[in-house]
Amino acid sequence: MKNTPKFHLTVLLFFLASFCSVAQSYPVPETVEFAGISINISKDAQGIIQNDIKSLLSNKTFLNAKLDRTALYFPIVETMLADEGIPDDFKYLAVQESGLLSDVVSKSNAVGFWQFKRETATEFGLRVDEQIDERKNIHASTKAACLYLKRNNLVLNNWISSLNSYRTGLSNVYKFIPKEWYGSNEITVNAQTDTYVLRAIAHKLVLEKEMVKYKPSNISFFEYTYNAGKSISYIAKELEVSEDDIRKYNRWVSSTNIPEDKSYIVLIALSDEEVEPMKEKVLAMNGKTDIFKEDLGFPVLTRITPKTKNKKLPIFFEINNKSGIQAQTGDDVESICVRADFDVNNFIKYNDLADGLDAKIIPNEIYYLEKKSKKAPVPFHTITNATEQTLWKVSQMYGIRLSKLLKYNRLDAPQRLVDGRVLWLQKRRPSNTPVEVITLPSKPVIREVSKEVEMVQTSKNIAQQTEGESAKDVDLNLSEMKYTETETKVPQIKQQVVAQTTENEAVKTITPAQVRQVANHTHTVTSGENYYSIARKYNVSVNDVWVWNKTNRDVMLGIGKKLIIKSGYYNETSSGVLAHSTK
Numbered sequence: 084m085k086n087t088p089k090f091h092l093t094v095l096l097f098f099l100a101s102f103c104s105v106a107q108s109y110p111v112p113e114t115v116e117f118a119g120i121s122i123n124i125s126k127d128a129q130g131i132i133q134n135d136i137k138s139l140l141s142n143k144t145f146l147n148a149k150l151d152r153t154a155l156y157f158p159i160v161e162t163m164l165a166d167e168g169i170p171d172d173f174k175y176l177a178v179q180e181s182g183l184l185s186d187v188v189s190k191s192n193a194v195g196f197w198q199f200k201r202e203t204a205t206e207f208g209l210r211v212d213e214q215i216d217e218r219k220n221i222h223a224s225t226k227a228a229c230l231y232l233k234r235n236n237l238v239l240n241n242w243i244s245s246l247n248s249y250r251t252g253l254s255n256v257y258k259f260i261p262k263e264w265y266g267s268n269e270i271t272v273n274a275q276t277d278t279y280v281l282r283a284i285a286h287k288l289v290l291e292k293e294m295v296k297y298k299p300s301n302i303s304f305f306e307y308t309y310n311a312g313k314s315i316s317y318i319a320k321e322l323e324v325s326e327d328d329i330r331k332y333n334r335w336v337s338s339t340n341i342p343e344d345k346s347y348i349v350l351i352a353l354s355d356e357e358v359e360p361m362k363e364k365v366l367a368m369n370g371k372t373d374i375f376k377e378d379l380g381f382p383v384l385t386r387i388t389p390k391t392k393n394k395k396l397p398i399f400f401e402i403n404n405k406s407g408i409q410a411q412t413g414d415d416v417e418s419i420c421v422r423a424d425f426d427v428n429n430f431i432k433y434n435d436l437a438d439g440l441d442a443k444i445i446p447n448e449i450y451y452l453e454k455k456s457k458k459a460p461v462p463f464h465t466i467t468n469a470t471e472q473t474l475w476k477v478s479q480m481y482g483i484r485l486s487k488l489l490k491y492n493r494l495d496a497p498q499r500l501v502d503g504r505v506l507w508l509q510k511r512r513p514s515n516t517p518v519e520v521i522t523l524p525s526k527p528v529i530r531e532v533s534k535e536v537e538m539v540q541t542s543k544n545i546a547q548q549t550e551g552e553s554a555k556d557v558d559l560n561l562s563e564m565k566y567t568e569t570e571t572k573v574p575q576i577k578q579q580v581v582a583q584t585t586e587n588e589a590v591k592t593i594t595p596a597q598v599r600q601v602a603n604h605t606h607t608v609t610s611g612e613n614y615y616s617i618a619r620k621y622n623v624s625v626n627d628v629w630v631w632n633k634t635n636r637d638v639m640l641g642i643g644k645k646l647i648i649k650s651g652y653y654n655e656t657s658s659g660v661l662a663h664s665t666k
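Counting in the working numbering, the sequence shown runs from 84 upward without gaps.
Don't read these hints as lab results, they were simulated from the structure.
In the EDC-like style, the derived pairs of lysine to aspartate or glutamate whose C-alpha atoms are separated by at most 20 Å in a straight line are: (1) K287 <-> D171; (2) K458 <-> D435; (3) K364 <-> E306; (4) K287 <-> D127; (5) K126 <-> E269; (6) K476 <-> D435; (7) K331 <-> E321; (8) K490 <-> E519; (9) K490 <-> D435; (10) K432 <-> E417; (11) K296 <-> E417; (12) K443 <-> E356; (13) K395 <-> E417; (14) K298 <-> D151; (15) K362 <-> E448; (16) K143 <-> E291; (17) K298 <-> D414; (18) K432 <-> D414; (19) K200 <-> D212.
Take these sequences, add in the hints, and give me the full structure.
Structure follows, in structure tokens:
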């Protein structure tokens, strides 16, 4: 018994030595880059950051759980930050704020992924009531956080100052930031700097290294959007997934049904191998097809490698008459090039990977092993899903070099597109021809009400008015950043509804008067139209248009060309004429 204290001391010293050695593997550098700003770190600040690093590494189980959540949520957060023009490093701020736990509540009653208090949340367009709390919704809360940071950065002109303001608020941040930080790309932090900023640096230093070597679970999110008015139990049966899992990853909804006041995304957790089959299943259930592969006919894919269960073998494709390889789960630029026995630099160049070796490789995507063409096989492309159809995606779809796509559309750099935007794919848009945006038909939504299924169309805005609350405009006193909240119900469209029902459920078809049937109708092609947009206009398939007119995807459309639409329907305007494209 007399040796016990000595034994305990020995064990304690062993664990302290181990802990210190782990922390020392993350030395704090004298300079670090965060959000595009070079930060010089004084010796005393280095000590504070080092202590934060030790704290983050102190519990391996806790850290691993946090890394699992970063693997799940970072793909969503990173995409949204990029779309909103917020530096990628702010993803670490979400981890710092909440550990990426959706329902965490602070002592000051801040809630969710980005820790919004109720007043600030509603100010920035989030719905917070008994049914819905969008602070717990990764998409909605990240959008609000981006808006908050973007507003503050327009005033502070420094992303580190804006980061600091996320804790203090815009009016109080001036107490914590030096005047010389304004507009500067290089700053210095010391022991007097707000620990909130120093802790953000610690999070980046740890997570950046840990994420590279950590192997997360084989789980990804499928973003399900055909959910308006449906109950959680109905969605679970429809998709054949666990209702408990839906609840687990969608704690922002407390009600039985998904509301219809605006568009919501329901996260479905699946293994990586289940994501693509689920996508095809959902499209088929909702009467949709993959527009890349069927409606547009691009990319044109031919599998070269015979089917095999050996996942280590490369799977080669012919994509748009060029050599290609299919990416597999877990691939990065180097691993896919090793499997293809292909030069890394050429792979980056041929696929327009702006991030080089750090570019994210998308599982199941077909990547080019030859130079893409200078022109696409068709003259135009209309954006129908701006979330998925980026300029890079369009360039891969048609096998056209991204630099040429930018040139043809008079763009200096890739940018976020909008639905209906017409892209030129074969020649440069004339300077006297304005950018054209076609009005696309609204997407039908299946609604589950009183065991009936109805087709309803709703217009989609940034924020919506919640029941019992007045809509609130967010006016930032900046002309380029004003948001209003509205909802508009538009006439329903006659359409046969195909929906999954139980034995006791009936399917109801709505037949309003604003829909006009056509037979042997002659359509005259106008500027910016292509086969896809014309087919969508008359609610027919592209193949129908080709068959009726004895043509195919290789035959170019010209302005004034006459096309026969043998049968279909269109949404008639109040003046009694066919709704056409607007600029």
